[in-house]
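Line order of the protein sequences matches chains E and D. Per the numbering used here, residue 1 is the first one in the first sequence, and the count goes up by one each step. Per the numbering used here, residue 1 is the first one in the second sequence, and the count goes up by one each step.
Check before you lean on any hint, since a few could be wrong.
[Claimed, not checked] With a straight-line Cα cutoff of 16 Å, these simulated EDC-like cross-link-like pairs (lysine to aspartate or glutamate) come out:
hint	chain 1	residue 1	chain 2	residue 2
1	D	K281	D	E256
2	D	K326	E	D77
3	D	K215	E	D77
[To be verified] Short, incomplete list of chain D residues facing chain E, as computed with Cβ under 8 Å:
hint	residue
4	G78
5	L273
6	R274
7	N304
Don't read these hints as lab results, they were simulated from the structure. These numbers come from a predicted model, not from an experiment. Glycine included, C-beta positions come from ideal geometry on N, C-alpha and C.
Single-letter residue listing:
There are 2 protein chains.
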Amino acid sequence: MNILIKNCNLISMSEKRERYEENVDVYISNGKVKELGKNIKKDENVKIINAEDKICMPGLINTHAHLSMSIFRETLDGYSLQDWLTEKIWPMEDKLTNEDIYYASLLSCIEMISTGTTFANDHYFMTESTIKAALDSGMRLQLTRTVNDVAGLGETRIKELEELIAKYNHKYDNITLNVGIHGLYTTKQETVKRLIDIAKKNNLPVHMHFCENEKETLDIKKAYNVDSPVEVLKKYFTETHNILAHVVKVTDEEIEDLRTLDISVAHCPVSNLRLGCGIAKIQKMKDKGINIGIGTDGQGSGSNLDLFEAMKFTGLLQKGEFENPKNMESYEILKMATVNGAKALGLEESLGKIEEGMLADIILLDLNTETTIPNRKYIF
Amino acid sequence: MNILIKNCNLISMSEKRERYEENVDVYISNGKVKELGKNIKKDENVKIINAEDKICMPGLINTHAHLSMSIFRETLDGYSLQDWLTEKIWPMEDKLTNEDIYYASLLSCIEMISTGTTFANDHYFMTESTIKAALDSGMRLQLTRTVNDVAGLGETRIKELEELIAKYNHKYDNITLNVGIHGLYTTKQETVKRLIDIAKKNNLPVHMHFCENEKETLDIKKAYNVDSPVEVLKKYFTETHNILAHVVKVTDEEIEDLRTLDISVAHCPVSNLRLGCGIAKIQKMKDKGINIGIGTDGQGSGSNLDLFEAMKFTGLLQKGEFENPKNMESYEILKMATVNGAKALGLEESLGKIEEGMLADIILLDLNTETTIPNRKYIF
Numbered sequence: 001m002n003i004l005i006k007n008c009n010l011i012s013m014s015e016k017r018e019r020y021e022e023n024v025d026v027y028i029s030n031g032k033v034k035e036l037g038k039n040i041k042k043d044e045n046v047k048i049i050n051a052e053d054k055i056c057m058p059g060l061i062n063t064h065a066h067l068s069m070s071i072f073r074e075t076l077d078g079y080s081l082q083d084w085l086t087e088k089i090w091p092m093e094d095k096l097t098n099e100d101i102y103y104a105s106l107l108s109c110i111e112m113i114s115t116g117t118t119f120a121n122d123h124y125f126m127t128e129s130t131i132k133a134a135l136d137s138g139m140r141l142q143l144t145r146t147v148n149d150v151a152g153l154g155e156t157r158i159k160e161l162e163e164l165i166a167k168y169n170h171k172y173d174n175i176t177l178n179v180g181i182h183g184l185y186t187t188k189q190e191t192v193k194r195l196i197d198i199a200k201k202n203n204l205p206v207h208m209h210f211c212e213n214e215k216e217t218l219d220i221k222k223a224y225n226v227d228s229p230v231e232v233l234k235k236y237f238t239e240t241h242n243i244l245a246h247v248v249k250v251t252d253e254e255i256e257d258l259r260t261l262d263i264s265v266a267h268c269p270v271s272n273l274r275l276g277c278g279i280a281k282i283q284k285m286k287d288k289g290i291n292i293g294i295g296t297d298g299q300g301s302g303s304n305l306d307l308f309e310a311m312k313f314t315g316l317l318q319k320g321e322f323e324n325p326k327n328m329e330s331y332e333i334l335k336m337a338t339v340n341g342a343k344a345l346g347l348e349e350s351l352g353k354i355e356e357g358m359l360a361d362i363i364l365l366d367l368n369t370e371t372t373i374p375n376r377k378y379i380f
Numbered sequence: 001m002n003i004l005i006k007n008c009n010l011i012s013m014s015e016k017r018e019r020y021e022e023n024v025d026v027y028i029s030n031g032k033v034k035e036l037g038k039n040i041k042k043d044e045n046v047k048i049i050n051a052e053d054k055i056c057m058p059g060l061i062n063t064h065a066h067l068s069m070s071i072f073r074e075t076l077d078g079y080s081l082q083d084w085l086t087e088k089i090w091p092m093e094d095k096l097t098n099e100d101i102y103y104a105s106l107l108s109c110i111e112m113i114s115t116g117t118t119f120a121n122d123h124y125f126m127t128e129s130t131i132k133a134a135l136d137s138g139m140r141l142q143l144t145r146t147v148n149d150v151a152g153l154g155e156t157r158i159k160e161l162e163e164l165i166a167k168y169n170h171k172y173d174n175i176t177l178n179v180g181i182h183g184l185y186t187t188k189q190e191t192v193k194r195l196i197d198i199a200k201k202n203n204l205p206v207h208m209h210f211c212e213n214e215k216e217t218l219d220i221k222k223a224y225n226v227d228s229p230v231e232v233l234k235k236y237f238t239e240t241h242n243i244l245a246h247v248v249k250v251t252d253e254e255i256e257d258l259r260t261l262d263i264s265v266a267h268c269p270v271s272n273l274r275l276g277c278g279i280a281k282i283q284k285m286k287d288k289g290i291n292i293g294i295g296t297d298g299q300g301s302g303s304n305l306d307l308f309e310a311m312k313f314t315g316l317l318q319k320g321e322f323e324n325p326k327n328m329e330s331y332e333i334l335k336m337a338t339v340n341g342a343k344a345l346g347l348e349e350s351l352g353k354i355e356e357g358m359l360a361d362i363i364l365l366d367l368n369t370e371t372t373i374p375n376r377k378y379i380f
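Based on the sequences and whatever the hints tell you, model everything.
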């Protein structure tokens, strides 16, 4: 299908263009941006969208989510991370069927489409059912079979991950894969080594929870007999690109160390607050040059998959917590949810910006609502 | 008009009822709740609303807002409170006309109605134009003519406040008034004393910004030559009910002192973060028995007047900042935005709960959306 978006207010996120442009036309053909400019005319069969009162921008990229957890929405009030997992979530997860996972994932896809997210990084199991939801809804997903050694099932889970990779790697345009490790505190050293080998062999990123709260950080130190969880990364995670979710409880020295590795941080502010984990030092990590994407986590802890809400929390927390209103310029937050997200997931060549040749993962935002009038384009 | 809400899912906020009840009918006549129960039947002329898939609850109460500031939405990025006021807001405010105030206030009324707020506490000037917006939209407002001594205009402003009270006190059902003091750092001792007298004489609450950020707290100490801003309250504010907006920068000892006064705190979490003021110790104040309401502040610093968003920030900040997921139980946050708000504004006898005889300021929330499925009524 060919689409011509007429007269939009463009936020392309491309460093080759102005931050904000008015009256731009975007011509899309076969899912890619073919032409960008003024007064584009097409004679052939084309769907025209009048976008005079719309912002046109890249679809948002959610760097850390658990799509199936829509089924656990609002099961949480007053639990810490570890109590919530062991008392509530893990026992319920044991009962999930492939059908549950499919419908829960489909609901999440609907939620993301309705809130402007076009690409998400999923971390769960029974992954084929989530892939089916992506194919049925059109969502772009990166997925994994998350592995840990809980209940002595590491071996089984590694096998499922390998089968997933064999079956789905490079199979569908909107499906990519990575290697999911639940966390260092739930996964043995031997298992971690094998997973890193699988990632290297298949040239896939690694996706792992890391230092989500104080207890996790302490548990890693104990389990691996190290002074810092980053030591484990420096030992095993040096030849892979690693997407680390949360990264709340790290010291300034550990942030210095993290810079030396190929990592992206998936910042999940709402979930981190809700579980009482704390507020990640995102401004500091950003200033040190670490690539930061934004995530929602699953709805069990994050309530929803709304990245606009997560962007708002990302900016406001860094301003408020560190009492500096100059922290987190709005445009930087947009970059985190688009360009940086694409980089985190290894797809920055084709996603995260609106440029000729890029994939047309594009959203339109209405400027005529009671909370967007007046709009002063102040962030540009 | 008579209205019969059928089969709703009721959150009445009444301590005489269950927290959550299914299949309740609510009969409203002449703007008041006349009957609450199962299977209410009315033969006369009545508008029936089927609320089977709806939550029915009291309209939210915004305890601190500046309705006219919708016109300044998104003028702020990267300013501290004082720089924003002196460099941006005050010069622009000098140019506002009555027509600006009317349309800006009307836009705010539309925004509040669309996000479930039925009553707001406004703090501004050219107040008659905001009253006109309230009358035209049906919003319930408490208003004032805010006074300070900036530009040597204290005297003029007091006169405008007195005229406002003479003309509008007890004139309309949906309009109440209070005595607005901008802040102790902008208002002289002599002016404060006169305003307190006006409040006492007319039996009105006082509405004032208080300790919004570190600089304000220091400025008050200097201007009044005191060790703590609370000393000023203890000297002048002992015979009035006082609505204090923000209260971010107070010590634990000052919280102890605040308990001894008749105050309500209007917590504005989004604005406080955005201006880099910090995070108010709401859980601690609540534990000490201080009445806490929620506010949005104006759209210049708070972006919007959405109290559902403000409730979310209220809960999550206290959990995250103090790393305790048990802080701020959801039902307590609902109380802040309803019952406590009514108490803050001196109208707890008629507002904030759904009970027979109370004003029918009621909202219905759709349970069938992509972010409310599944719903487990977990907060009850």
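Hint check results:
1. For the proposed pair D/K281 and D/E256, the alpha carbon gap of about 12 Å is at most 16 Å, so the pair holds.
2. Distance check on the hinted pair: D/K326 and E/D77 sit about 7 Å apart at the alpha-carbon level, within 16 Å; holds.
3. At roughly 36 Å between alpha-carbon atoms, D/K215 and E/D77 are farther apart than 16 Å, so this suggested pair is violated.
4. Proximity of D/G78 to chain E holds as hinted, the smallest CB-CB distance being about 5 Å (cut-off 8 Å).
5. At about 3 Å, the closest approach between the beta carbon of D/L273 and any beta carbon in chain E falls short of 8 Å, and the interface hint on this residue holds.
6. For D/R274, the interface hint holds, since its Cβ comes within 8 Å of a Cβ in chain E; the closest pair sits about 6 Å apart.
7. At a threshold of 8 Å, the smallest CB-CB gap from D/N304 to chain E is about 5 Å, leaving the interface hint in force.
Going down the numbered hints, you'll see the structure goes against just number 3.
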